[in-house]
Amino acid sequence: MTVIEAHNIRKSYGSLEVLHDVDLSVEEGEILGLIGPSGSGKSTLLRLLDLIEPANAGELSVFGIDTVADHGTWLDLRRRMGMLFQRPIVFNSSVYDNVAMGLRYRRAPGDNIDRKVKEALEAVGLSRYIKSRAIDLSGGEQQRVALSRVLVTDPEILFLDEPTANLDPTSTATIEAIVTRLNREAGMTVLISTHDLAQGQRLADRVGVMIAGTIAQTGPSREIFREPKNQQIARFVGVQNIIPARVVSRRGDFTVVEAREKEILSATPPPAEEVEMVVRGEDISLHRRKPGYEEAENLFPATVTAIEPTAPFVNVTVHCGCDLVALVTARRAEALGLHEGMEVWVSLQAKAVHLIPRAER
Amino acid sequence: MVNGNPIIEGFIEAIELIITLDPQVVEITIRSLYVSLTATFFAALIALPLGALIYFYEFRGKHAVVSTLQTLYALPTVIVGLIVFLLLSNVGPFGFLRFLYTPGGMIVAQTVLIIPLLMGLTVSALSGIDRDKRYTITALGASRLQTVMTIIAEARFAVMSGVLLGFGRAIAEVGTVMIVGGNIRGATRVLTTAIALNTSMANYSLSIALGIILLAVALGVNIALSLVQRR
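These protein sequences, in sequence, are chains A and B. Going by this note's numbering, the first residue of the first sequence is number 2, and it counts up by one from there. Going by this note's numbering, the first residue of the second sequence is number 189, and it counts up by one from there.
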């Protein structure tokens, strides 16, 4: 079942357009990650979907109910959802009262509130602070209070707006574990925005990339990271090699492209004549001598021109007509005895070479 | 002690007056507290809801209203005294109340004096609740009324500071109580007007005694303020 369906959403603050042409649908029980640079509109989109503020234009239905025509349903719909914000937000009262807020708004019976609050604080490991003032806790603890405050209301859809951006690794892990478990066990639908690509990959079944106020691409995270639709997305998802090339022919199932007189095979059907090759650094393998048996369709010699450590990996730039950046583990780089000027063999599978139409300049 | 310095002498006598709970000192102190506390109470009763209304409702000229309130923080007390005097005098529209030269009239004057301060400080106290907190309240499923109540509860300490500041201004001012109350002995004489009168009559010991009490009240307000603001 589709729980959120948004079309052509637009939102401006004054003359500043924050969102435009946003289309998004969210299926019940999935974890959808929204990734994108700061200022791309992720937070604003989550607020619109959680019905915290209205869009300027577009269609939005939540739980199959059209929210544009009738604002009267907003409170009821909003009470079936929950949102956790980037900055830990607690109110000037006890931890208990903080967590009880949402249930009190819903006029839940007192003994019910008591039981749920205690359970929720147990789950985030904060039972001992139940009577403390929430503002005395650390940032990570405050964020866990905020999470339990949302979870006691049993939301069907949970929005997480960069929930771990300012947190230590332990609090981050706790929050990620809870969210994953709730999704698996309770079938809670989760929308999480993050600028942490690894977190997006780790948690999300499906990823949407937001660039400059709109969703540029959605798909399984593997697809987003391996087959970005355009150069901006490719850059954002951390592709090291975006190289201009020209389609020269087809060979069997493969497309032959030429970059600086070097022919490379790609498994992508040609999207245009002038293209860009998108190759992730970790898909490029380096060898000391020509491998005897190699499955990769592309195999060629090259010269190491630069070695740049970015622990725990090493960025190795090799020259083979065009420059390619390969991502090698530090251990492997040592084993290969890499140094500048060294001759190496490069192997690259055709399906690791993704082609996109060349961006117009 | 007959030939001593009148100031030092006055100081010693003042301590005596306070320690022995001189009836005149006690009576003036109690009246002062009664007038200013009552005025603060009524001002709060009027100003807090109005301040909240200004904060929660979007209307044309909201900014101008808030600026005007902030200007009125420094409203000269004698001007308020004069206006309230004219309103309450026999020829004024509220003369029939017979409030002039009574503690009731003084309460009215001080109430009017500190209403702008309390309204303005209420607006800024509520504005201190940041955007993310308001989003959180909405996201937790609060209705419109529940949102308002939560924001007010969250701003309670800041609002309380405003009320304390208002009380401080009321008890320390001399202009309105002098004009509207008339400084009548045993009827409308309060700390500030008594100090003014006794000083002009060279009756320093009583002035100093009342001054010490006034300072103590101000100090008490300040301590209460810092306690509240630490929350």
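FYI, nobody ran anything at the bench for these hints, they're computed from the structure. Yeah, the Cβ is synthetic: ideal placement off N, Cα and C, and Gly gets one too. Honestly, I wouldn't trust all of these hints.
Derived SDA-like pairs (lysine to any residue); straight-line CA-CA distance at most 20 angstroms [claimed, not checked]:
#: 1; chain 1: A; residue 1: Lys263; chain 2: A; residue 2: Arg129
#: 2; chain 1: B; residue 1: Lys321; chain 2: A; residue 2: Leu76
#: 3; chain 1: B; residue 1: Lys321; chain 2: A; residue 2: Arg129
#: 4; chain 1: B; residue 1: Lys321; chain 2: A; residue 2: Asp137
#: 5; chain 1: A; residue 1: Lys291; chain 2: A; residue 2: Glu275
#: 6; chain 1: A; residue 1: Lys132; chain 2: B; residue 2: Ala341
#: 7; chain 1: B; residue 1: Lys321; chain 2: A; residue 2: Arg80
#: 8; chain 1: B; residue 1: Lys321; chain 2: A; residue 2: Asn93
#: 9; chain 1: B; residue 1: Lys321; chain 2: A; residue 2: Gln87
#: 10; chain 1: B; residue 1: Lys321; chain 2: A; residue 2: Ser95
#: 11; chain 1: A; residue 1: Lys291; chain 2: A; residue 2: Ala336
#: 12; chain 1: B; residue 1: Lys321; chain 2: A; residue 2: Met189
#: 13; chain 1: B; residue 1: Lys321; chain 2: A; residue 2: Ile136
#: 14; chain 1: B; residue 1: Lys321; chain 2: A; residue 2: Ala336
#: 15; chain 1: B; residue 1: Lys321; chain 2: A; residue 2: Arg105
#: 16; chain 1: A; residue 1: Lys291; chain 2: A; residue 2: Gly342
#: 17; chain 1: B; residue 1: Lys321; chain 2: A; residue 2: Arg88
#: 18; chain 1: B; residue 1: Lys321; chain 2: A; residue 2: Arg134
#: 19; chain 1: B; residue 1: Lys250; chain 2: A; residue 2: Gly342
#: 20; chain 1: A; residue 1: Lys230; chain 2: A; residue 2: Ser26
#: 21; chain 1: B; residue 1: Lys321; chain 2: A; residue 2: Lys291
#: 22; chain 1: A; residue 1: Lys132; chain 2: B; residue 2: Glu342
#: 23; chain 1: A; residue 1: Lys263; chain 2: A; residue 2: Gln350
#: 24; chain 1: B; residue 1: Lys321; chain 2: A; residue 2: Gln350
Derived DEER-like restraints, expressed as beta-carbon distance ranges [as the list claims (entries may be wrong)]:
#: 25; chain 1: B; residue 1: Met337; chain 2: A; residue 2: Glu186; range: 32 to 42 angstroms
#: 26; chain 1: A; residue 1: Ala109; chain 2: B; residue 2: Tyr222; range: 39 to 49 angstroms
#: 27; chain 1: B; residue 1: Gly374; chain 2: A; residue 2: Ser133; range: 47 to 57 angstroms
#: 28; chain 1: B; residue 1: Phe345; chain 2: A; residue 2: Arg332; range: 28 to 38 angstroms
If the Cβ cut is set under 10 angstroms, some of the chain B residues that face chain A in the computed set are [to be verified]:
#: 29; residue: Asp210
#: 30; residue: Asp318
#: 31; residue: Thr324
#: 32; residue: Leu328
#: 33; residue: Phe345
Hint check:
no. : hint                                      : verdict
1   : A/Lys263 <-> A/Arg129                     : 65 angstroms, violated
2   : B/Lys321 <-> A/Leu76                      : 18 angstroms, holds
3   : B/Lys321 <-> A/Arg129                     : 25 angstroms, violated
4   : B/Lys321 <-> A/Asp137                     : 17 angstroms, holds
5   : A/Lys291 <-> A/Glu275                     : 31 angstroms, violated
6   : A/Lys132 <-> B/Ala341                     : 18 angstroms, holds
7   : B/Lys321 <-> A/Arg80                      : 17 angstroms, holds
8   : B/Lys321 <-> A/Asn93                      : 11 angstroms, holds
9   : B/Lys321 <-> A/Gln87                      : 12 angstroms, holds
10  : B/Lys321 <-> A/Ser95                      : 16 angstroms, holds
11  : A/Lys291 <-> A/Ala336                     : 16 angstroms, holds
12  : B/Lys321 <-> A/Met189                     : 24 angstroms, violated
13  : B/Lys321 <-> A/Ile136                     : 13 angstroms, holds
14  : B/Lys321 <-> A/Ala336                     : 54 angstroms, violated
15  : B/Lys321 <-> A/Arg105                     : 17 angstroms, holds
16  : A/Lys291 <-> A/Gly342                     : 17 angstroms, holds
17  : B/Lys321 <-> A/Arg88                      : 10 angstroms, holds
18  : B/Lys321 <-> A/Arg134                     : 17 angstroms, holds
19  : B/Lys250 <-> A/Gly342                     : 70 angstroms, violated
20  : A/Lys230 <-> A/Ser26                      : 19 angstroms, holds
21  : B/Lys321 <-> A/Lys291                     : 62 angstroms, violated
22  : A/Lys132 <-> B/Glu342                     : 18 angstroms, holds
23  : A/Lys263 <-> A/Gln350                     : 15 angstroms, holds
24  : B/Lys321 <-> A/Gln350                     : 51 angstroms, violated
25  : B/Met337 <-> A/Glu186: 32 to 42 angstroms : 35 angstroms, holds
26  : A/Ala109 <-> B/Tyr222: 39 to 49 angstroms : 45 angstroms, holds
27  : B/Gly374 <-> A/Ser133: 47 to 57 angstroms : 53 angstroms, holds
28  : B/Phe345 <-> A/Arg332: 28 to 38 angstroms : 57 angstroms, violated
29  : Asp210                                    : 44 angstroms, violated
30  : Asp318                                    : 9 angstroms, holds
31  : Thr324                                    : 5 angstroms, holds
32  : Leu328                                    : 4 angstroms, holds
33  : Phe345                                    : 7 angstroms, holds
Hint check: violations occur at hints 1, 3, 5, 12, 14, 19, 21, 24, 28, 29; the rest are consistent with the structure.
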